[in-house]
Structure formats: C-alpha cells, structure tokens
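Chemist: The chain contents come next:
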Amino acid sequence: MTAGVALTLTVNGREVSAAAAAHLTLLRWLRDVAGVTDPKYGCGEGICGSCTVLVDGQPVSSCLVLAAQVDGATVTTAAGLLEADGSLGPLQRAFHEKHAAQCGFCTPGMLIAAAAALADGRRRSRPEIREELHGNLCRCTGYGPIVDAIEMAQEEAGR
Amino acid sequence: MTGEGAEAAKGAKGARPDALAGIRTSKRDELRVVGQPLPRHDQAEKVAGSTRYAGDLAFASMLHARLVRSPVPSARITARDASAALAVPGVVSVLFGEDVPRNVIWVDVPGQTVEVAALKASMEVLATDRVRFHGEPVALVIADNQDALAEACDLVAVDYEELPAVFEPDQALADGAPAVHAEGNLLSEWDIDHGDVDAAFAAADVVVEGSYQTQTVDHAYLEPEAGVGWLDDDGVLNLRVATQVVEHYRDVARILGIPEARVRVIAPYVGGGFGGKEDMTVEPYLGLAVWRTRRPVRMQWTRQESLLARPKRHRMRLRYRTAATREGKLLGQEVDITADSGAYAYLSALVLLYSAVHACGPYQVSNVRLRARCAYTNNPPTSAFRGFGGMQVVFGYEAQMDLLARELGLAPAEIRKRNALARGDVLPVGQAIETEVLLAQTIDAVLGRAGGKPRASGPRKVVGRGLACNIQSYGRLVWLNDSAAAWVGFQLDGSLSVRCAVPDIGGGQASSLAQIAAEILAVPMDQITVHFGDSALNPLAGTTTATRQLLMSGNAVYAACVLLREGVLAAVAAATGEPADSLRLEEGRISGPAAGMRLQDALLACRKRNVPIEALGTFFGPKGRPVVKGLHADRVFPDFTFGTHLCDLEVDLDTGQVKLLGYVAAHDAGRAINPRSVQGQITGAVAQGLGMALLEEVVVADGMNQTGGFFQYLIPTATDVPEIDAVVLESGEGMGPFGARGIGEPPIGPPAAAVASAIQDALGARPARLPMTPERVLECVGGHQRLTPAAG
Chain A
99 MTAGVALTLT VNGREVSAAA AAHLTLLRWL RDVAGVTDPK YGCGEGICGS CTVLVDGQPV
159 SSCLVLAAQV DGATVTTAAG LLEADGSLGP LQRAFHEKHA AQCGFCTPGM LIAAAAALAD
219 GRRRSRPEIR EELHGNLCRC TGYGPIVDAI EMAQEEAGR
Chain B
305 MTGEGAEAAK GAKGARPDAL AGIRTSKRDE LRVVGQPLPR HDQAEKVAGS TRYAGDLAFA
365 SMLHARLVRS PVPSARITAR DASAALAVPG VVSVLFGEDV PRNVIWVDVP GQTVEVAALK
425 ASMEVLATDR VRFHGEPVAL VIADNQDALA EACDLVAVDY EELPAVFEPD QALADGAPAV
485 HAEGNLLSEW DIDHGDVDAA FAAADVVVEG SYQTQTVDHA YLEPEAGVGW LDDDGVLNLR
545 VATQVVEHYR DVARILGIPE ARVRVIAPYV GGGFGGKEDM TVEPYLGLAV WRTRRPVRMQ
605 WTRQESLLAR PKRHRMRLRY RTAATREGKL LGQEVDITAD SGAYAYLSAL VLLYSAVHAC
665 GPYQVSNVRL RARCAYTNNP PTSAFRGFGG MQVVFGYEAQ MDLLARELGL APAEIRKRNA
725 LARGDVLPVG QAIETEVLLA QTIDAVLGRA GGKPRASGPR KVVGRGLACN IQSYGRLVWL
785 NDSAAAWVGF QLDGSLSVRC AVPDIGGGQA SSLAQIAAEI LAVPMDQITV HFGDSALNPL
845 AGTTTATRQL LMSGNAVYAA CVLLREGVLA AVAAATGEPA DSLRLEEGRI SGPAAGMRLQ
905 DALLACRKRN VPIEALGTFF GPKGRPVVKG LHADRVFPDF TFGTHLCDLE VDLDTGQVKL
965 LGYVAAHDAG RAINPRSVQG QITGAVAQGL GMALLEEVVV ADGMNQTGGF FQYLIPTATD
1025 VPEIDAVVLE SGEGMGPFGA RGIGEPPIGP PAAAVASAIQ DALGARPARL PMTPERVLEC
1085 VGGHQRLTPA AG
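Residue numbers (my numbering), protein chains in the order written: chain A, 99 to 257; chain B, 305 to 1096.
Same shape as in the complex, but just chain A (with noise of 0.2 Å):
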C-alpha cells in the first residue's frame, strides 16, 4: 500500500484516526478506511450528489475532496442523522413515511442535501425545495416524493 498522511476526522459523532494516501477522496476513505458505507459512489465528479455528506455543517461531495484536505473536521452522513437511540430521526422518518426511497441508492445524499437545506430554519416552498436538490439525481422516484418528506419535515419542525 501507498505510503499514508495521518489523518484524525470526527464521523456521526465517533472519532476515527487512520493513515491515508495523500491522493484519496474524503469518500474512498470513509468507505474503505472508516468503514463507513452510506455515502455512495455515482459518478465521481461532483454530478449525482450520492456521496454527499456534511463537513462541519456545510454540504459537500465527498469524491471530489481529498480526505487530506478536511483532516480535524467533523463530518456527518446520513447514518449520522439518527437519534442517539438508534431510531431514524424526524428527516428519514418523513422519508420513510412519504416513500421517498425506491431503490434507496441516492437517498444517503439526498437526506444530506435536504439537512442542508432545513439547517437555516426558513421554510421553503415545493419549487425552492426542488431547488435545494438540483445537485442531487434520482433514477426511480421522479422527485415528487423526496419533495413530499421534505415538506413534511419542515412542517414537523413548526415551520
């Protein structure tokens, strides 16, 4: 293996220290150093949005940064986005309660992309919602649905 930079990075809340080369991606080393699998690998340039996940609260593709890069950061995927107990928490129960999910491939970063989106607290309307995912694709749903879960998930947050 290729000679490794010592990198400390906070995931979901648990600190992970691991060597890696220089060259790989924020998301190669959350999949295959971290062990962490929910952000997905769908074009590797930026396009789909399904390795979205937050690095210190800010929305980012994790293909196109170098895990290097982001060393001391704290960064959350969407399997960070759970309740301390392990139950979903209120953006994937909308998801789930609104059949936001068909083959479930793009929904890591979508719910990414919708916390995003809701962290500010304003609400938002169905075109600005669709909006705040155009950096996202969905092969199977067309959309409507993961609009449904987002809606519902300001709504249940008083918004």
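Calculated directly from the structure, the hints in this document are not laboratory data.
A few chain A residues that don't get close to chain B, going by computed Cβ distances all over 10 Å:
no., residue
1, Val114
2, Leu162
3, Leu164
Covered stretches of chain A (chain B as the covering partner; in silico rule of three or more C-beta atoms under 8 Å from a C-beta of chain B):
no., region
4, 204-211
5, 241-253
From a predicted model like this one, the values you see are computed outputs, not experimental measurements.
In this text, a Cβ means the ideal position worked out from N, Cα and C, and glycines have one as well.
Start from chain A and add chain B according to the hints.
Modeler: This is chain B only, laid out in the frame that chain A set:
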C-alpha cells in the same frame, strides 16, 4: 398524490387461461392489507443508510479487479503483453481470453435468420483476436490494492490493427458493408402481414406519413455495476452482485466449466436496474477472478466505464404510413423499423420482436404490413432497457394519431377513443386481448385531473397540451416456459418467513410479496421477513425483468400461502371437529363457529398431525409456441397494460427551451398491491421518459463513445421534472395476484410522445427526432410541418 386518490374502475369478468385457475380475483373492499399504501419494509434501512449494496461489502485482504477495454471500435488484436503490468507491486494476475475456461457467451433466439435456422450469436468473455466496439473487454487485471490496479491496467500492452468499420444500420445492411460478424450484419428481422393492406390504403379517406428517429439512451441508474465474490467453506463460488437475474449463476458455471450447483449468486438490494443489469455485467469477470485466485475479489465499474461499454437502449428509425376513414377509424398501417444492435447480439432480436408486436399501439388496426430489421454495427451494444422495444414505437404511432387528428379536425382524445382496443380484439401479430381494456377511462382520467390548460407566462411563450397512450406487455414471451417458485413458512411464534429468489431492484418487489402474504395469512407486516435474491438458498423466481415479477413471483407466493392456509385450517378442523370451511385465519388466531384456536396452538396441532407449516408454491406462466420470422401467433405475451399520459408545457419562441408545467399519468394497474409502489413506478418512469424526451443521448461518433460522464449525460434533476400526478385505475382484470397487472415498464412508453404532442399543440409542428433539444424545437417554430428527421 396518495392512495386516497386512486380510483377504482369496474371491469367485466372474463375467462382466464388454465394456468391461472387457482388465482382468485378478490373484491377490493374485501382486502385488508393488499391495496393499502403501506411504507415498504425495506425503507427503514434505506433511509437509515444501513442497506448494504453490492459494492458496500468488504473482506479483509480482498483483491480488486478491473477490465482493460478496447480503445478502438474495430480492430484485429495483433499482440498482448502483460509483463509490465505484472511487474507492478501488488498485481496478482492478468488474464486474457485464453485464460477463460470457456471463453464464450451465447445468445440463442428461435426463428431468426442469421444462419437460416435459429440465431446462434455469441461473444467472447475477453476478446482474443478481434474487437468490435469501443470499450470491449480484452484483459482482466487483479491486484491487492486499487492504486496498483489502476497503474497495471495502463501497462497491459495490446496492439491493435484497425479494421474497416460501420456505424449506421442502413449502411451496415447495404451490399459490401464491412462485416461486423462473419455471418453478415443482419442480426434479426421480423415481418407482420395482417389483413389486406393495399385494399385498406385504397379505401382510405386520409393517409398520413411520418419518419421518426429515437436515440441511444443509457439506464443511468445511480449504482454503477459492482460486486464481491468469494469461495465459501464448501468450495462454492459466491457472487454478491448488483443484478436483475440471479440465474446468471448458470452462465458463470458454463464459462468456468464447473457444475451449476457450484455457483451461487446473491442479489442484495440493487441500486436501480431498468434492464441494464439484466445481461451479465461484473459476474463472469468476478467469477473468473475468484476462481483463479481462490481469494475474495471486489469489482466496481466506474460511471465512465458504465457509460462507455454497458449495453444501451436501441436507437430506432421508425417509418409509418397510416390509412383512416374520415371518421378517424384506422384502416391500415405500414411500419418499417430499423434498429442498431451495436457490435453484439445480446437481447436485440427480442427487443425488436417487442417493437414489432407493439408497433400499432393500443388501437385496433385490421390491416398491417410491418418490416423490422436490426443490424450489427461497430457501436456500443444495445440490449434490454425498461420498455424493451415496446416503448420506442410509441413515439411513432402516437405522432401518427396526432397527425390524423389534425388532418380530420378531431380532438386527440377522440380519435384515440374511437380506435381503442377492447377485449376480444386481435393484435396484428394474431394475439387476442383477453382482459378488459380501460384505455378510454385512462384518457378521461388524465383529462379530468389536468383541469384547464395553463396560461403562457409571457408574450414570447406558447403553451401546449399533449396526450399519448400506450400498450405494453407484462410477463415474458410465452415460449420461454417461464416459472417462479416461492416458499412460505410459519415460525412457531406465528411470524412468517417468505423465501423467493426475486431480485429487488428498487420497485418494492420483495415488499409486495410480504403484502400478499400478509393478506392471505393474516400475519402483520412487521412479523414477515422476505428472504430474496439468493440463487442457492431460495426457490428460483426468475428475472426481475419484463414486468414479470408481480405476475410470476406474486402468483407463486399467493399459491404457497393458499396451500399453507388450507393445510392449517384442515388440521384445526380435525383437532376441534369444526368444518374446515367454517374456519377463518385471523391475526394470531383461527376463528370458527365454536372456540377456534390460537395460531400458535394451531401450528402445534399441525406438527402433531404431520401437517406441514410451510408450503412451496410454483407458478407457471401461460404457454405458447415460438414464433418464426413471419410473425403470426395466437399468443406472444401473457397480457398487456394500458395507459394515457397528459403533458402541459411552455415553449420559449426565441430559444426553443421547453418548460414542463404539469403532468398526469393514468394506468390500469389491475389491482394495486401497494398503491404507493405503483405510483412510484409511474412517476419514476415518467421522469426517466422525460429525460429521453428532452435531454438524454449517448453520443457516439464513428464508433467512439463521446459520453464520458454525467457531465455530458444529463438526466433530469428535481428542477427539470414537474409535479407528476399518478392516477391508478383498478380493473381487477390482470393476471397477477388479486387481478394485478404489471406496471414496471408500461409508464415509460408515453412521455416522449406526450411531450412531442404538446409541442405540436403549441407550435403546430413537432420534432421527429429525439431528444427534443432546444435547437430541434426551434425548427418547429412557425408551425411548419417537419416530420422527416434531418440526415445523419
């Protein structure tokens, strides 16, 4: 919309084929679980991020494998040298075609003409002396880390001597064209001669003509092809792969020269299929790598690799001539279809057969002359894709209906209703429609839901409304002897296990089986586990393709559940003395005229009396004889699904940009096992169809695939797709459990035609070539009729 919006429509009862004698159609109001819009059982893990897809599994010290692919579309291989690649530290092996025990994949289609009798087409697993398309696999590299793998792939030296090539189907079929295969470039042809076409045209009041061109399309599921393979403790080759067909274990066994019983394919939840994971993708290579190295191996294709080399949707040139009376009654149709198979056969001959059978749409046409041909070229291969040849033709036959409507001054809805197929009508191929057709009701449904036409948003904007109907088969071709098996068993605590090797590709295939079992055996959904997608441990259920799983595995589960219920009730009757037909299986208990019995006690009673508490159900599809080139058969498919779509859009007269404003899609699903899953199939297929209508094209220039990623291959985003209203009609007339029809493929047929129809409504002309880019839409501004595609 949700299930409350689903509309029930009553259809007449009719005779059913013998194969379906055991399957009862239940009344909707008698059903407790079937018909409920329940959250699917696979959703909780999917939204938690814990579902492990094919590429998510890892073994400690596993190897990685990647293909070296041809950089040119047509060449002789003159030399291959792996020495530099093998010198890279970490590289374990480099395999060429000679290293494959049986280096061939066969395709066998009866009734085809390449060698006069049955088509026997083949391709090499790894090309040895000849490559025929850009991206064809030539070598397999295996390494213990991905960096070494990438470096070694670049160092495999292959010398190519380029050979003459051909890229257009018409040119490929001309005399003297470079031969893609020694047998000639005509892969397959089908003809239909039905009725007296010349007399029909002579008697016509009006004849309309059009030529249409569809494009090469990629499935673009979000999950690229992937899998992990290993040898288990019994020496069985295990392949856990993203696939629609676990039965490919047979093909892998053949290629490796080992018994079929030594190969097991596991399909975890698949990240989208759409036909693109019907043919083998990683399977033979992963199998080879594991078999040769005896170590666990992972193979993951990149998106670029997936776009480059995996089979795509056929581009087709469609020529139509349609004759009608002045009342708009169709008299006759001539259809000419030419399709591009690319470099290898795959399923092209059958795709073209679907095109031929569906070519006249959901209309009664008594006189038809059809010629369909599919040519080999040096383009990327084409094969199965949702709709499977039955969908490209919608773009042709629905344009013809709109042309006729305009010519005759009829409303588009009216001319379609006047020609709609009905039970008892015979398709041009010779098959009679055996079930009630609700085509007119789907037309009324979309018109009713759509309301008034929207208004234009500015002076240089025009709004149009389009309509398109379709017919699409469900279930496999009837001579394929299709069957599906399922095992259903009570656990001693009253929970239920369902075993059925159906691959779940995202449509809720497994969840629907749970819902069917819950209905019949009164077990709550959260106490049912469906074990799916495993060729060794579950009864084989066949492919998740051809819109067949609900029909086939749904009926198999239905049959198993009914057998199991009858057994349990008989045992309780014997134990209590109550008549079996007075007993009812309810949640947790068996109720009867006397005391009845708790379910757990009933299961104990079964065991005491040697009555099984499990059952195997097998469902056999309707049968028929293989077709020959001149198509005439009283049965080709089990049955068909019908629907209508309506599209509202706005065209910018200065830029040709199309903005979709609203969309309504109505299909008769027979019976919606889960209305939300049915609606999900409809809205997803509409979005995929809209991508084909407006955006998507795999661009291939002189055989070189130019589409290198999602930068170039644009699939619709959340802002491109409008709100889609999915209307589910329920005739109860389908051949699936509870009268369900298949719905996976049918809704992808109409979108491109509905968009074109709306553009015609807005501009007076429609693009005849897909995708309908702004440039092509702009050519229609001014209302000039442009129905002949530009050359090239």
